[in-house]
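Novice: Using the hints, position chain B against chain A.
The chain contents come next:
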Amino acid sequence: MTNTDLPLTAKPATAPEAQGRMRGWLARVPAAYWVVGVLLLVLPAFASNFVMFQIMGWTFILGMIALSLMFLAGYGGMVSLVQMTIAGIAGYMVAIFGDSAVASISMGWPWWVTVPLALLIAMLFATAVGWLAVRTEGIYTIMITLAVAAAFFYFVRQNYDLFNGFSGFNSVLPPMLFGIDWRGPEAFYYMTLFWAVLSYSAVLYISRAPFGLALQGVRDNPRRMAALGYNVTAHRVAAYALAAIPAGLGGILLTWQSAQISPGTAGIQPAIDILVIAVIGGLGHPIGAFIGALLYVLLKTFAVDVLVALGLGGERFQLLIGMGFLLIVFFSPDGLLGLWQRLKDSRRRDSLTGQDRRSE
Amino acid sequence: MTDATASVAARLRATGTASALELRGVSKSFGALAALQDITLTVAPGERRAVLGSNGAGKTTLFNCITGDFAPTAGSIRFFGEDVTAFPPQERIRRGLRRTYQISLLFSGLTVLDNVYLACRGVSRGRFSMIRPRRSDALMASAEDLVRVAHLEDVRDRLVSELAYGQQRQLEIAMALAGAPRFILFDEPAAGLSPTERSDLVAILTGLPSHVGYIVIEHDMDVALRVSDQVTMMHNGRIFKEGKPAEIEDDPEVQALYLGGGDGH
Numbered sequence: 012m013t014n015t016d017l018p019l020t021a022k023p024a025t026a027p028e029a030q031g032r033m034r035g036w037l038a039r040v041p042a043a044y045w046v047v048g049v050l051l052l053v054l055p056a057f058a059s060n061f062v063m064f065q066i067m068g069w070t071f072i073l074g075m076i077a078l079s080l081m082f083l084a085g086y087g088g089m090v091s092l093v094q095m096t097i098a099g100i101a102g103y104m105v106a107i108f109g110d111s112a113v114a115s116i117s118m119g120w121p122w123w124v125t126v127p128l129a130l131l132i133a134m135l136f137a138t139a140v141g142w143l144a145v146r147t148e149g150i151y152t153i154m155i156t157l158a159v160a161a162a163f164f165y166f167v168r169q170n171y172d173l174f175n176g177f178s179g180f181n182s183v184l185p186p187m188l189f190g191i192d193w194r195g196p197e198a199f200y201y202m203t204l205f206w207a208v209l210s211y212s213a214v215l216y217i218s219r220a221p222f223g224l225a226l227q228g229v230r231d232n233p234r235r236m237a238a239l240g241y242n243v244t245a246h247r248v249a250a251y252a253l254a255a256i257p258a259g260l261g262g263i264l265l266t267w268q269s270a271q272i273s274p275g276t277a278g279i280q281p282a283i284d285i286l287v288i289a290v291i292g293g294l295g296h297p298i299g300a301f302i303g304a305l306l307y308v309l310l311k312t313f314a315v316d317v318l319v320a321l322g323l324g325g326e327r328f329q330l331l332i333g334m335g336f337l338l339i340v341f342f343s344p345d346g347l348l349g350l351w352q353r354l355k356d357s358r359r360r361d362s363l364t365g366q367d368r369r370s371e
Numbered sequence: 064m065t066d067a068t069a070s071v072a073a074r075l076r077a078t079g080t081a082s083a084l085e086l087r088g089v090s091k092s093f094g095a096l097a098a099l100q101d102i103t104l105t106v107a108p109g110e111r112r113a114v115l116g117s118n119g120a121g122k123t124t125l126f127n128c129i130t131g132d133f134a135p136t137a138g139s140i141r142f143f144g145e146d147v148t149a150f151p152p153q154e155r156i157r158r159g160l161r162r163t164y165q166i167s168l169l170f171s172g173l174t175v176l177d178n179v180y181l182a183c184r185g186v187s188r189g190r191f192s193m194i195r196p197r198r199s200d201a202l203m204a205s206a207e208d209l210v211r212v213a214h215l216e217d218v219r220d221r222l223v224s225e226l227a228y229g230q231q232r233q234l235e236i237a238m239a240l241a242g243a244p245r246f247i248l249f250d251e252p253a254a255g256l257s258p259t260e261r262s263d264l265v266a267i268l269t270g271l272p273s274h275v276g277y278i279v280i281e282h283d284m285d286v287a288l289r290v291s292d293q294v295t296m297m298h299n300g301r302i303f304k305e306g307k308p309a310e311i312e313d314d315p316e317v318q319a320l321y322l323g324g325g326d327g328h
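Protein chains in written order, with this note's numbering: chain A, 12 to 371; chain B, 64 to 328.
Isolated chain A, as found in the complex (with noise of 0.2 Å):
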């Protein structure tokens, strides 16, 4: 859980920085993210329109809506439930002061304002649950952020003036921007691959600047951070802050995704599925987000057709979900990432003497 040293972490230069500082920086970008960004970009080449925008557009959106919790947890040892919720107001948002079917209630404004302006109502949001929820500690900070999860969707499922209750905003549609249908399959995938690109790369950047380091050192030690002259309050607050806009560009995504948004789709169920995506994928780095995101969209878009072709009932999907949440968490309670890093491990220690073969 603390360790941030992962795979793909770029290690800092140690060629004094005079000469190419761009050529340096391209250098260090590792090998698995060239492959990854190359296999990444021509997957419309030869992927079908149902992996592109169902499999990697949802995984996509919920890895961010995920990371914004791993930036919380990993980062900062807050465990938030609240993330969904946050990605949800952002997608209300968008819904009433944008364009949808609900004429008497959506303002249909343009994009250029709604868009920001759900991402900063989802920032404030966050910043007065993280007020709250700050003055607590583990599984109270859980609790904290349930019950406002839970209150917000039967708000929104009972307040028919703002959010129109039960049925919520149907045609919640992306702009037309540079006359191309947003929503179409490889646009679609580029816009969610582009945000989840500059998100992932975000929450790297800022968890070795100040911010995320302090962050860190919160996590690791509250009091020893206030004794360095540190305001930990305020800095979980805007950590809690900050999180709010890969959830919020992630609830706005998946808005326009699936055309709607309803209570449903904050509710108590997807904030667990949240929780369970960041930890499956491990809470040590970024990229875990994703990797838990695309384990999770597998599983649950594939999961009915391996139970039908085992002669078992489609609609135990869920039992296999658990099932594979329950045995990751077992095996590697840091997620696959841990996983990944424990097998490295053993490589890379002497077989005889269980010596790290670094220190020689």
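Think of the hints as simulated: they come from the structure by calculation, not from any bench.
Virtual Cβ for every residue (Gly too), placed ideally from N, Cα, C.
Don't take every hint at face value.
Said to hold, decoys possible - Which chain B residues stay away from chain A? Per the calculated CB distances, all over 12 Å, these:
{"#": "1", "residue": "S117"}
{"#": "2", "residue": "D132"}
{"#": "3", "residue": "S224"}
Said to hold, decoys possible - Short, incomplete list of chain A residues facing chain B, as computed with Cβ under 8 Å:
{"#": "4", "residue": "L215"}
{"#": "5", "residue": "Y216"}
{"#": "6", "residue": "R219"}
{"#": "7", "residue": "A220"}
{"#": "8", "residue": "F222"}
{"#": "9", "residue": "G228"}
{"#": "10", "residue": "R235"}
{"#": "11", "residue": "Y241"}
{"#": "12", "residue": "A249"}
{"#": "13", "residue": "A252"}
{"#": "14", "residue": "G322"}
Specialist: Same frame as chain A, now just chain B:
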């Protein structure tokens, strides 16, 4: 009075004859337990003082009250003339107070350099900065200097959780020296150190700039008396004796207390 004029007034007083640290009637109780009783203590700027006393004498509680980890039940604390009694820890630290902990409180998931860098960043601007520091960054440079001062350059990029005990103690000290400390509280810095590490420690303490004062809690009389020019003896939450190291060493009461195993007088 505004904040600005208050701090100017505080600084004016600090440049005069004012004390670095002034405790008046500080008491701290935990329920029925009186951990500190009516402590009045004045430490001049640049003064180095050792606090001795048996376990449970209230030494660490005294530190916790000075840094603001605990609010005292009664009394007031002034730091360079400014009343800091109601200040949270970070505000006191930003004014030049530092401390180390008896049991190392470090960031085990971060490297040695990151730990020291956090300490340097904590007392300067940009605590919320989202921009990564470069190796040429001034704060990063001072963090690297501190790593050298603490003899930790070989393990600079290791995670703190991989360090040996003595190295963690050295890191504690490096972090307390970050920024421009005016006064440092060392809580048993020599505990668990080897003889070589102890003499390194004595060298670091006695080599601090002369304007930096400190209080050191130390069980090892040998270390304590070598690094201090004033000694305070505590017993059962009270100050029991104050004096020069030589006087304290020869004091029959102190000897009785120390050799008698701390069972009182």
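Novice: Could you let me know if the closest chain A CB is still more than 12 Å away from the CB of S117(B)?
Specialist: Since the minimum Cβ distance to chain A is about 25 Å, S117(B) lies beyond 12 Å and the statement holds.
Novice: Holds or violated: the hint that R235(A) contacts chain B, with Cβ atoms closer than 8 Å.
Specialist: holds (4 Å)
Novice: Using 8 Å as the Cβ threshold, decide whether G322(A) counts as touching chain B.
Specialist: violated (47 Å)
Novice: Do the numbers back the hint for A220(A), that is, is its least Cβ distance to chain B under 8 Å?
Specialist: holds (5 Å)
Novice: When the nearest CB of chain B is found for A252(A), is that gap smaller than 8 Å?
Specialist: Result: violated, 11 Å to nearest chain B Cβ.
Novice: Classify the label on S224(B) as holds or violated, using whether its beta-carbon is more than 12 Å from each beta-carbon of chain A.
Specialist: violated (7 Å)
Novice: With 8 Å as the cut and Cβ atoms as the points, is G228(A) at the interface with chain B?
Specialist: holds (5 Å)
Novice: Hold the hint about F222(A) up to the distance rule: shortest CB distance to chain B must be less than 8 Å.
Specialist: holds (5 Å)
Novice: Less than 8 Å between beta-carbons is the criterion; does Y216(A) satisfy it with respect to chain B?
Specialist: Holds, because the Cβ-Cβ distance from Y216(A) to chain B comes to roughly 6 Å (cut-off 8 Å).
Novice: Holds or violated: L215(A) as interface residue toward chain B, Cβ cutoff 8 Å?
Specialist: violated (10 Å)
Novice: Against chain B, run the beta carbon of Y241(A) and see if the smallest gap drops under 8 Å.
Specialist: The hint holds - Y241(A) has a Cβ within 8 Å of chain B, the shortest such distance being about 5 Å.
Novice: Is the interface hint for R219(A) satisfied, with its Cβ closer than 8 Å to some Cβ of chain B?
Specialist: holds (5 Å)
In this structure, the earlier hints numbered 2, 3, 4, 13 and 14 are contradicted, and the remaining ones agree with it.
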